[in-house]
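*Asks:* If you want the building blocks of each chain, they are given just below.
2 protein chains.
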Amino acid sequence: MLSKNQIKFVNSLKQKKFIQEHGLFIAEGTKVVEELMKSSIKVKDIYGTSDFFRKTPIDKSINRFEIKESELERISAFATPNEVLAVCEIPVHQLEASFLNNKLTLVLDDIKDPGNLGTIIRIADWFGIETIICSTETVYAFSPKVVQATMGSIARIKLHYVDLSSFFKVQNLKFKVQSFGALLNGENIYSKQLPSSGFIVIGNESKGISESVLPFITDKISIPSFSHFKTDGGEAESLNAAIATSIICSEFRRR
Amino acid sequence: MLSKNQIKFVNSLKQKKFIQEHGLFIAEGTKVVEELMKSSIKVKDIYGTSDFFRKTPIDKSINRFEIKESELERISAFATPNEVLAVCEIPVHQLEASFLNNKLTLVLDDIKDPGNLGTIIRIADWFGIETIICSTETVYAFSPKVVQATMGSIARIKLHYVDLSSFFKVQNLKFKVQSFGALLNGENIYSKQLPSSGFIVIGNESKGISESVLPFITDKISIPSFSHFKTDGGEAESLNAAIATSIICSEFRRR
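In the order they appear, the protein sequences are chains A and B. Taking our numbering, the leading residue of the first sequence gets 1, the next gets one more, and so forth. Taking our numbering, the leading residue of the second sequence gets 1001, the next gets one more, and so forth.
Honestly, I wouldn't trust all of these hints.
DSS-like mimics (lysine-lysine), calculated; alpha carbons at most 25 Å apart, straight line [to be verified]: (1) A:207 <-> B:1112; (2) B:1055 <-> A:207; (3) A:145 <-> B:1112; (4) A:207 <-> B:1038; (5) A:14 <-> B:1145; (6) B:1145 <-> A:207; (7) A:192 <-> B:1192; (8) B:1060 <-> B:1016; (9) A:31 <-> B:1112; (10) A:31 <-> B:1207; (11) A:145 <-> B:1055.
Simulated from the structure, these hints should not be mistaken for laboratory data.
Construct all of the structure, not just a fragment, from the sequences and the given hints.
*Replies:* Dropping the structure here:
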């Protein structure tokens, strides 16, 4: 049975403040928790139903708590919890500027929607982008909704929250790295020459790339719309930020 | 002030059964409602705050109800409603097989997540795909969450719910249309020759393309993963269905 203190503690890990204070985050659902156990992430506690433990072997180093579904509901961040909740340690990565030098890196300029950030982390994983640099205003990656949307990819991506203008200033001084900004008035991404390294900057869902980051964009890129192919001619206004990220990453990698 | 009957009626339009019975759906938020008013969709009633009506001119043919925010909360499908809710007529489109003959069309085989369907409708709009054929098990497009996620694109896309095997049988008899199925063991989409017309079949989020639809797939396609570019070598398992759709549509259109 869960103690009051356990319930209180796990529930506190739904808030950024306490996640950061303890250096711990929660992950939920069979698939995500299995992915995390396979990864380099340290899984500390597992709260699971008997169904979960029957089919999933877990390492001895993990604290195991078999609980009822009704108890899982009391600690889950979701309306319909799925068998298991794990408390995991937030991995700590050093941000080494030279490491990014010859790689493709995503830079997120105030992405606000947890589902978008989670999906972008999953896209990065698929396209072999190992580091994501987030502005300090970007939604916090170790909150339950983001972790869920990454479907386990959060274990395989290095995330850093930094002040973007300071970051770019340092990078620019040391290296000459191209920064590709997704903008409405950029060059057609399908015909542009794209290198195998550089920064891909994705702006906020409604405001785009911020004023303070714009000066560091060396190459403006756009995904052209094909709305005019439709007989009614109605114009689509925009693509979702995660969708734009996927198309841009696909274009960089396919060449 | 809203009457009890109005509240009951609008709230009933959150369920597929009543949406279909009345042929009416609800759309919410300033941006989406403005998009719908500009489109060919018939907007019947608008429930808006004084703030909304102050800045947004609306046509005389629309029934206008100025309400308080607290009243909007009682009819909204969302926890934090945004200024306005509109009741609109579901557009009726004929599904003409010949119309699809020389076009690119999306076919959704049991997409279950409202956010995914909404995003896919928005992607179709962007890439000039005017018709989406949904399996009968695909989540209902005129439910509030899907409408919201389309950001207005629902007004510009023709949606049909059909039994997919019957649909393909008829299409195959009449026309020789290629059907491109997104599968794990397909041809690399980046190197494959792609025509400017055909069906792009997207499978269910966890099960992929169903057994009954597989025989109609003429070309299996896959998006290769670049996970191995990362130094840790951890493998991303899959892409979200909407993300896969966007990359495939982008590949078809860019050529």
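*Asks:* Now look at each hint and say whether the structure bears it out.
*Replies:* Taking the hints in turn, this is what the structure says about them:
| no. | hint | in the structure |
| --- | --- | --- |
| 1 | A:207 <-> B:1112 | violated (30 Å) |
| 2 | B:1055 <-> A:207 | holds (20 Å) |
| 3 | A:145 <-> B:1112 | holds (19 Å) |
| 4 | A:207 <-> B:1038 | holds (22 Å) |
| 5 | A:14 <-> B:1145 | holds (24 Å) |
| 6 | B:1145 <-> A:207 | holds (23 Å) |
| 7 | A:192 <-> B:1192 | holds (21 Å) |
| 8 | B:1060 <-> B:1016 | violated (29 Å) |
| 9 | A:31 <-> B:1112 | holds (18 Å) |
| 10 | A:31 <-> B:1207 | holds (14 Å) |
| 11 | A:145 <-> B:1055 | violated (34 Å) |
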